[in-house]
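Protein chains: 2
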Amino acid sequence: MTTTVNRQVLLAEKPAGKLGVEHFRLREAPMPVAGEGEVLVRVRYLSLDAANRAWMQAATYRSAVDAGTVMAGHALAEVLESRVPGLAAGDLVMGDTGWQQYAVLPGAGLQKLPRLEPLTHLLSVYGIAGLTAYFGLLEIGRPKEGDTVVVSAAAGSVGSLVGQIAKIRGARVVGIAGGAAKCAVLTRELGFDAAVDYKAGSLYKDLKAAAPGGIDVYFDNVGGEIFETCLFQMKLHGRIACCGAVSQYDGEPPAHGPRGVPGLIVTRRLTVQGFILHDFMARSDEALAQLQKWVGEGRLKVREDLVEGLENAPRGLVGLLAGENVGKRMVHVS
Amino acid sequence: MTTTVNRQVLLAEKPAGKLGVEHFRLREAPMPVAGEGEVLVRVRYLSLDAANRAWMQAATYRSAVDAGTVMAGHALAEVLESRVPGLAAGDLVMGDTGWQQYAVLPGAGLQKLPRLEPLTHLLSVYGIAGLTAYFGLLEIGRPKEGDTVVVSAAAGSVGSLVGQIAKIRGARVVGIAGGAAKCAVLTRELGFDAAVDYKAGSLYKDLKAAAPGGIDVYFDNVGGEIFETCLFQMKLHGRIACCGAVSQYDGEPPAHGPRGVPGLIVTRRLTVQGFILHDFMARSDEALAQLQKWVGEGRLKVREDLVEGLENAPRGLVGLLAGENVGKRMVHVS
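Protein chains in written order, with this note's numbering: chain A, 9 to 342; chain B, 9 to 342.
Because the hints were derived from the structure by calculation, they are not lab data.
One or more hints might be untrue.
One copy or two, it doesn't matter: identical chains are merged, so the pair holds either way.
As the list claims (entries may be wrong) - Straight-line C-alpha distance at most 35 Å; calculated DSBU-like pairs for lysine-lysine:
| id | residue 1 | residue 2 |
| --- | --- | --- |
| 1 | Lys-22 | Lys-243 |
| 2 | Lys-26 | Lys-152 |
| 3 | Lys-26 | Lys-213 |
| 4 | Lys-216 | Lys-26 |
| 5 | Lys-120 | Lys-301 |
| 6 | Lys-213 | Lys-22 |
| 7 | Lys-243 | Lys-120 |
| 8 | Lys-152 | Lys-243 |
| 9 | Lys-22 | Lys-216 |
| 10 | Lys-301 | Lys-22 |
| 11 | Lys-175 | Lys-216 |
All figures in this text were calculated on a predicted structure; none of them were measured in a lab.
This is chain A alone, in the form it adopts within the complex:
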């Protein structure tokens, strides 16, 4: 190695309200050293996810990120030095490296990844986003042929894949996204049947027009008012797959939940189910094989959104929470 410095991005301060770049700080630290049972890795691509913001609020499915520590995050990384059997220098792995150039990871649970082209697909369609879309839609939403499927944050990394997988499975698909440009991507590039711009100010009416018979499956990425609007348009025995609540991560915790809970859940016999990809990881091979087949056949289009340079990760995450990305956003670190 020619460097002895490890550039890092710290969460300098926990945001009380909206996250800004001022909550982060750059630091140079010494190169970490791998101990027995660990690997030293070089971070290649860092995944930016709405969940990163939730981690700052409180313990969720992982412990909270504390102020003054390296910001947590998953990345595609290359092994520089291995003290773990089964992994060697040059191998690609995915791990919680945090926002830094180099990291030491415990060997337990690390898997060597194939060198696919483009590598970025390992973070999008073959990464958390793709697997989340696959299992969340097919196992939690369970669309049947001819069903009407609605997905929110539809131009995002998960939503853009959910809608396309629902189409492959024979559903009629409506995407909810912010702004006309994103809506155009959904219908013109990604094959959605309709798109609704929630920023246009008439979501209830516009959604009703796009899904006049009601919603069989709602794949929720956002929570809040969009969740409530969809809830009121669910059909009997409909399913709501709760994947995230990005509307509620950045700012004050919401004062109240959606109206209609649990009244409409009873009268329409709905199933509202939350999930975390982790619960399905034992079946990831099955999903990856199917996703690769669909991508290979051109049936699944992958949108990616690259931010250049570790120092731009804070700006990238702030922008992601404001909804500026189309497709999977990641940071090219090295």
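Guided by the hints, dock chain B onto chain A, whose structure is given.
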């Protein structure tokens, strides 16, 4: 027949807020006459249910009850005259007779019921309440042995059975009810492990003390703040069976839903599922056989709460919505 008069209770006016006896009116109408394919019945016991109140608000799983019409309601009735094959005078049936002494019912869907003793059990443990508790708990809540099951409106017709069935299935059972007297019935008579009085003003803390490890299955009869409190104490992969929302039937529709929806549903991977007994009616024989066995063995205790006289049905329903009953409330009409 010695009478030619049919006493009826009308919903005189739709309540804008809380239901009162002033919203009802007594009337004497001529005896109805059964046409071809219909039966004339004498109403014996009229079921009072929180859902009666919901029917006044809007169409739910049935059309709304209009002002100026006979109040809708299910009853155990005896056939006086039959123009339907398979039913004869003296047979017992269950049907939507409405609040009146005599009714004409379409023959389609009517089933002759066994003359059990006491007859009232046909409206409680072998009626909608018993079947709702059975299927709602076992098919929607799905408790496993050792699970912690919490049920609200636990001293009510459904709740009192849910808790006992959960005990039979090996769960630890906590009931939520209003007032010390009801709580005492739950733990001393019905075998609940613990009871929490939501009127004591410290529900979150008291529930935490009664279910320190969290809740695996919450059977919700009430919605609103109790739903929210339980939601925040659910364990990973917990199930919420949504059976009703009695807190929201009597008065203004709620301004907001429970906090934590959908955030907690995601992070704790909860399943929140609504159901209506109707969807399970094809399997009612299976449930009735099991319920009869448990009652016969003394493992399931049946609490009933009788109101005497049709003219007291309005007072009985208003009192039910205020939570004054323990067990299944019904009106003895004749």
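The hints, checked one at a time:
Taking identical chains as interchangeable, the C-alpha atoms of Lys-22 and Lys-243 lie at most 35 Å apart only when they sit on different chains, with a minimum of 27 Å there against 41 Å within one chain. In this assembly of identical chains, the alpha carbons of Lys-26 and Lys-152 never lie at most 35 Å apart, being 39 Å within a copy and 42 Å across copies at closest. For the homomeric pair Lys-26 and Lys-213, the shortest alpha-carbon distances inside one copy (30 Å) and between copies (31 Å) are both at most 35 Å. For the identical chains of this complex, Lys-216 and Lys-26 are neighbours both inside a copy (32 Å) and across copies (32 Å), given an alpha-carbon limit of 35 Å.
In the homo-oligomer, the alpha carbons of Lys-120 and Lys-301 lie at most 35 Å apart inside one protomer (21 Å), although the nearest pairing across protomers, at 58 Å, exceeds that limit. When the C-alpha separation of Lys-213 and Lys-22 is checked against a cutoff of 35 Å, the pair qualifies only between copies, where the shortest distance is 29 Å, while the shortest distance within a copy is 38 Å. When the C-alpha separation of Lys-243 and Lys-120 is checked against a cutoff of 35 Å, the pair qualifies only between copies, where the shortest distance is 34 Å, while the shortest distance within a copy is 44 Å. For the homomeric pair Lys-152 and Lys-243, the shortest alpha-carbon distances inside one copy (14 Å) and between copies (30 Å) are both at most 35 Å.
Taking CA atoms no more than 35 Å apart as the test, Lys-22 paired with Lys-216 passes between copies only; the shortest distance there is 29 Å, against 40 Å inside one copy. Taking identical chains as interchangeable, the C-alpha atoms of Lys-301 and Lys-22 are never at most 35 Å apart, the minima being 42 Å within one chain and 59 Å between chains. When the C-alpha separation of Lys-175 and Lys-216 is checked against a cutoff of 35 Å, the pair qualifies only within one copy, where the shortest distance is 20 Å, while the shortest distance between copies is 45 Å.
The structure fails to meet hints 2, 10 from the earlier list, while all remaining hints are met.
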